[in-house]
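The residues making up each chain are set out below.
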Amino acid sequence: MTEREILLKRVQVCDFALNDVALFLDTHPDDQAAIAHYKKYMELRKRAVAEYEENFGPLTKESYDGGARWIWVDGPWPWQKEASV
Amino acid sequence: MEKNKSGMYLEAESVRNSGWSMGEYHSPGYYPSQPEPMPVQTPARELGPELMPTPAPQQRAEVHTTPAPQQRADAWTTPAPQQRAETRTAPVPQQRAETRTAPVPQQRAEVHTMPAPQQRAATWTTPAKCQRPDTQPMPAPHQRPDTQPMPAPSLCAGMVPGMCYVPIQEFQDVYEPEEGFSRGTIFAELDYPFMGKGECRNDRA
Numbered sequence: 001m002t003e004r005e006i007l008l009k010r011v012q013v014c015d016f017a018l019n020d021v022a023l024f025l026d027t028h029p030d031d032q033a034a035i036a037h038y039k040k041y042m043e044l045r046k047r048a049v050a051e052y053e054e055n056f057g058p059l060t061k062e063s064y065d066g067g068a069r070w071i072w073v074d075g076p077w078p079w080q081k082e083a084s085v
Numbered sequence: 001m002e003k004n005k006s007g008m009y010l011e012a013e014s015v016r017n018s019g020w021s022m023g024e025y026h027s028p029g030y031y032p033s034q035p036e037p038m039p040v041q042t043p044a045r046e047l048g049p050e051l052m053p054t055p056a057p058q059q060r061a062e063v064h065t066t067p068a069p070q071q072r073a074d075a076w077t078t079p080a081p082q083q084r085a086e087t088r089t090a091p092v093p094q095q096r097a098e099t100r101t102a103p104v105p106q107q108r109a110e111v112h113t114m115p116a117p118q119q120r121a122a123t124w125t126t127p128a129k130c131q132r133p134d135t136q137p138m139p140a141p142h143q144r145p146d147t148q149p150m151p152a153p154s155l156c157a158g159m160v161p162g163m164c165y166v167p168i169q170e171f172q173d174v175y176e177p178e179e180g181f182s183r184g185t186i187f188a189e190l191d192y193p194f195m196g197k198g199e200c201r202n203d204r205a
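Here the protein sequences line up with chains A and B, keeping their order.
Going by the working numbering, the first sequence opens with residue 1, and the numbers climb by one from there.
Going by the working numbering, the second sequence opens with residue 1, and the numbers climb by one from there.
By construction, these hints were calculated from the structure, which means they are not laboratory data.
A couple of the hints might just be wrong.
[Said to hold, decoys possible] Calculated cross-link-like contacts (lysine to any residue; reagent style SDA-like; alpha-carbon spacing at most 25 angstroms):
{"#": "1", "chain 1": "A", "residue 1": "LYS40", "chain 2": "B", "residue 2": "MET195"}
{"#": "2", "chain 1": "A", "residue 1": "LYS40", "chain 2": "B", "residue 2": "THR185"}
{"#": "3", "chain 1": "A", "residue 1": "LYS9", "chain 2": "B", "residue 2": "GLU176"}
{"#": "4", "chain 1": "A", "residue 1": "LYS81", "chain 2": "A", "residue 2": "ARG10"}
Predicted model only: the values in this text are computed from it and were never measured.
Turn these sequences into a full structure, and let the hints steer you where they fit.
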């Protein structure tokens, strides 16, 4: 796997864990163990996303860094071959 | 340009062999919204002498014995079938009336005899699993007064009949995120093997 694939998979794994814990918290809103687990993976996801975007550009449009250029268009478009991992 | 049997134009052979072909297409200026005249000549005997080959209502009433309109006349002011027959002068395809023999509705009612609701309630009994040993069997729903609450069976304490209950899940036995990602869930309690067709990738026993 390329470095881009590895970093992207970390983001995907954290997203998946967060989604699963969120489903549990929907029915157990006061479960402290689940809330702690969610907080932990929220931090891990933030770090994974920051590491990916530092090397390979924004993952979403919301990742705009406030600069003078709209860097979103610098990455491959979804239909381009380079976009598929 | 050559045409096929139904009168539609065919592409030139060079176009058909080019690998990009639309197959049969209509003549230039054809728009799908406009109906094309039928190129095929339907035999006269199938269409009948008139454009409306439907049998007259009188003949239809003889074959399918629908309820008399007099019953409905009190609620609706629809004209009786006999009146309608006078305005329509469609010819009768005798062949169809003779060949079709639809069953009479009365005959159908005799075949399917739904039991009256009272009869069904008399046979309703409380499931044995939830029967209370020290009291009378649970009365049928329609016999129970609205003011009395439904008694809960002792074996299913706290549970209401007709409601589904799912055991509560605890936050335990959580996979590592990479393993949960590959198995489809981070909860080991919810990690069930796939029993359907095709390759099963779950190694858990």
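Consistency of the hints with the structure:
| no. | hint | in the structure |
| --- | --- | --- |
| 1 | LYS40(A) / MET195(B) | 34 angstroms, violated |
| 2 | LYS40(A) / THR185(B) | 17 angstroms, holds |
| 3 | LYS9(A) / GLU176(B) | 14 angstroms, holds |
| 4 | LYS81(A) / ARG10(A) | 21 angstroms, holds |
Consistency with the previously given hints fails for number 1 only.
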